[in-house]
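A.B. asks: Protein chains in written order, with the numbering used here: chain A, 1 to 326; chain B, 327 to 909; chain C, 910 to 1093.
Since the hints were made in silico from the structure, they are not lab data.
This structure is a prediction, so every number in the text was calculated from the model and none was measured.
Virtual Cβ for every residue (Gly too), placed ideally from N, Cα, C.
The hints are all genuine.
Chain C is faced by these chain B residues, among others (derived, beta-carbon under 8 Å): (1) L511; (2) L515; (3) I518; (4) P553; (5) V554; (6) L556; (7) S557; (8) A558; (9) F568; (10) G569; (11) T570; (12) F572; (13) G588; (14) L593.
Anything over 10 Å on all C-beta distances counts as not near chain C; from chain B, calculated: (15) I361; (16) N376; (17) G378; (18) V456; (19) E468; (20) E487; (21) F662; (22) V736; (23) A807; (24) T815; (25) F839; (26) G890; (27) E893; (28) D894; (29) F895; (30) H909.
Covered, in the sense of this in silico footprint (three residues per stretch, anywhere, with C-beta under 8 Å from a C-beta of chain A), are these stretches of chain B: (31) 399 to 412; (32) 623 to 630; (33) 666 to 676; (34) 687 to 698; (35) 727 to 734; (36) 770 to 782.
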Amino acid sequence: MTNVFIVLICFLILVTLVQIVRVGELLDNIRQKDYNLVTTRDNKRQSFTMVIVGIAFLVSCVWQYFAWNPLLLPPASSEHGVIIDELMRFTMILIISVFFMLHIFLFYFLYKYKKIDDNHKAYFYTHNNRLEYVWTIFPAIILTGVILYGLNVWDQITNADTSQSSLVEVYGKQFGWNARYPGIDNSLGKHDYKLVGGANALGIDMDDEHSLDDKVTRELHLVVGKPVLMKLRSQDIIHSAFMPHFRVQMNCVPGMTTQFAFTPTKTTAEMKMQEGEDFEYVLLCNKICGVAHYNMQMKVVVETQEEFDEWISTQKTLSEKLLTQK
Amino acid sequence: MSDHHNETFISKYIFSLDHKMIAKQFLITGMFMGIVGMLMSLLFRLQLSNPGESFAVLEWFLGEKWAPGGVLDPNMYLALVTMHGTILIFWVLTAGLTGTFANFLIPLQIGARDMASGFMNMLSYWFFFVATVVLLCSLFVETGPASAGWTIYPPLSALPEAIPGSGLGQDLWLIAMTLFIVSSLLGGLNYIVTILNLRTKGMSMTRLPLVMWALFIVAILGVLSFPVLLSASLLLVFDRTFGTSFYLSDIVIAGEALHHTGGSPILFEHLFWFLGHPEVYIILLPALGIVSEVISVNSRKPIFGYKAMVISLMAIAFLSFIVWGHHMFITGMDPFLGSVFTFTTLLIAIPSAVKVFNYLATLWRGSIRFTPAMLFAIGFVSTFITGGLTGIVLGDSALDINVHDTYFVVGHFHIVMGLSAIYGMFAGVYHWFPKMYGKMMNKRLGYIHFWVTFISAYGVFFPMHFLGLAGLPRRYYSNTAFPMFEGLTNINEIITFFAIIGGLVQILFIFNFYYSIFWGTKANKNPWGSTTLEWTTPIERIHGNWPGEIPTVKRWAYDYSKPGYDEDFVPQTEPIKEGEKEH
Amino acid sequence: MNIKLKNATYKQMLWIGMASITLFFAGLTSAVIVRSSESGWQEISMPKSFWLSTIAIILGSLLLVTSKRIVKKGKNPSDLIFLTFVCGVIFAVCQFKGWSELVDQGKFFVGEGSSPASSFLYVITFAHLLHVVGGLISVFITYTKSVNLKYSRENYLGIELTSIYWHFLDILWLYLFAFLLYII
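Kindly produce the complete structure, drawing on both the sequences and the hints.
C.D. replies: Below, the structure written as structure tokens:
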């Protein structure tokens, strides 16, 4: 029954609209005006509205920045993250300046050059090649600077020295994560996806001697100030390990192992003092992966070497977990 | 040309060979799909701003299966997001935009009776229609429509066990896309060949209006890039249906180890984005062309820097082929490739900037008339500036690390496609409506439509940049799983609020459009005082466009407010006077 | 549209269509190149029948070149066009024989015995054959029309279009064949 009413109401609104528009047209017919012709009055009103809305828009952008800046991510908790944040700041200042400048020009021209009467003529000016060169070369120079700066940062991130890095593997699957530590031999054991099953969720080849001391955990613990080389794998489909506080993101692709190297610089304890007791570092999935994509997370903890050693000693090795149960 | 004396309803309206009718078919279908796609976004926005809350309207639209108790099912959320993207990108902004304006304008603006092959043109529309039917059918299958994102990365899109929509829903999606690509290719062939061969006497390439250049270049982009999507889809179909391992390898799903080895999902990404990136320029360029016309006509000034505008269109098109990797910075591909793609991507900013400067220079010292079309063209310039600038952040590989697949990206591409390109489409509809239907659209409704849309749309998409910088990923059913996103609910509510208003005001546009077709005030032949050829045809619109001889062209398309003439525009058919320079 | 314009227009459409098809195969062959540089790539020896099919398709091209020359002199090329059709059928048959040779070698499209290389080999040759089927349809229509004396010294557009497309399939096959020989 409600549906019938809804349809009826929609129909009546439609009829009302039609009548309003028809009345407007008939009135103008009586006044012998061309109903839909854009008049000088329209130009004045619309250009004025454009300036008002334009200013309101720019003000709202500023307002949004001040209102929501506190909600953004805190400063980076990794070494490379700091240089990314600097690059971001530089780029943002650049684009925000251009954004304001161009919009001010836009709204100003729209207001100043509105057609005010029939005698108002435009200035016939077709092109200026020198101007074209200027405004091609000038942005090109600026963008070259941006490119060089950006590539420099990219190079520092992707060509990081990993000779001293500790190793950890992050393994994603629908819908959770595991971390695997290489143990004393600092070498991760081989894996074969056909071995996945039961307690061997990561498909580790237990015949490889390097696998015996590996530890598979449900949390990712990292030592502050120590470079880490993260290897990433996936069990089923593409996931993406996203650790926004560290400015780290890397896809986990089934059939290949990807990697990302970084050095955490702030412990969880420090962050709790800064951001509040409830703060935790987190690793989220950032590539559409199915029904629980929005809830695929792993706790990340950054701590001192002693705290880490204590934690890792409580974790079972794979030989304890898998082989002793045979 | 074909003899249209004995026209039946079917040959006039259904299987028409007339480019003007085919254009309208594309427009109407595009508008319909636009409503469907937009409705989907409103449905999932309800979930995003009020996660887990019950909305009767959700159950009303989606039924008990997909919105039990009025709460959106997470699988259906992903399905809606996927279909929203697919419909708006391909059906509305590619077919709806290019299909309408290329078909309508090309023969009229170059001075031809019709397209080179009316038959192929008709086929192009009907392939599109069948593709539409197939895609809409996929909404009703039991396991749900395709849900792996409009980018359909395997293995997710190849394995129904990973997500139900990757079953029959994904099959139908692939069939619909194949038909769509055929439609696109047939159309593109026609556009290119018509512009090259059927221009009237005096219409040299340099006298073409800019929108013709844009549509010409877009057609070339399309015929070169869509086939690669076809090859990507073909291999995906083989993986899904026959069990090959082009993209699949080392997979354990639903407790079972699959037999696939040796495949690479990254291969799909390369092939997909080789189309995917030119695709967004296929969407943008027609809007750039339309806006050039509308701004120029309504400023009563030539478009500034015609040659530079043409060259920048070509530069954007060429560069668009070599930037696809910027969608793949964090896939684990070779970092050197990442550097290459950063370089090429940031280069594209240059011709884009040149175009914006030229638009501003056109407005400078113009005599600006604010028609609804002009307002949308201005809206285009504003959103193109905003969206283009955030592209500089995303194109920089190091910066992309932390914003990839977050709402920052969602904000960026919606502002350039969902705002800029759609505004271009609106501008085109308002501007050429008198030529399409012989009537004027209601001006007041047009003004209301523009202002409410402009304000709401920025209200929806500008805040998304902040969500992205706060780390919020896209395609998330809800933010409630992570305490770090708790403070963002407010922003989400504001976004949904503006989305609903912006969505509802489109009803005014639809109303205006259909009302004006039947009861709009009659237009005269050239209501905007434009110089181009389409305005020299009779209002009633006839087959073959001109009743007698096709006019010959004596000058370029932009003689507005030219000194030495009383009128503030000189049609292209007007001969050059003694001592007058062409331009 | 006058004849000259019509001819130019349809020829251009064909060229653009062929550009699209080229990009389609470029996508497939790039995929092969990318995959071949990764691990687990085993080369496969080309079935002998594919050499025969190469000859068949080249023969078809030669026949069509001759047909064009004949029709320009005002004579009827129907027989040659029919022979071209036969060459096309021989091409298809040889492709199928080639695939059975592969099966005999133990190289399958999918499942046990398949490898990335073998899957690609089947897909690429199959895709090419599909386009050849299109060419065969075109040849057949041209044949019928020429039997019905639709072509003359002034207007032989159909023969031209068919032969341009056939040459394209020919060159495409030569490229694909060489590519498969070298990479797979």
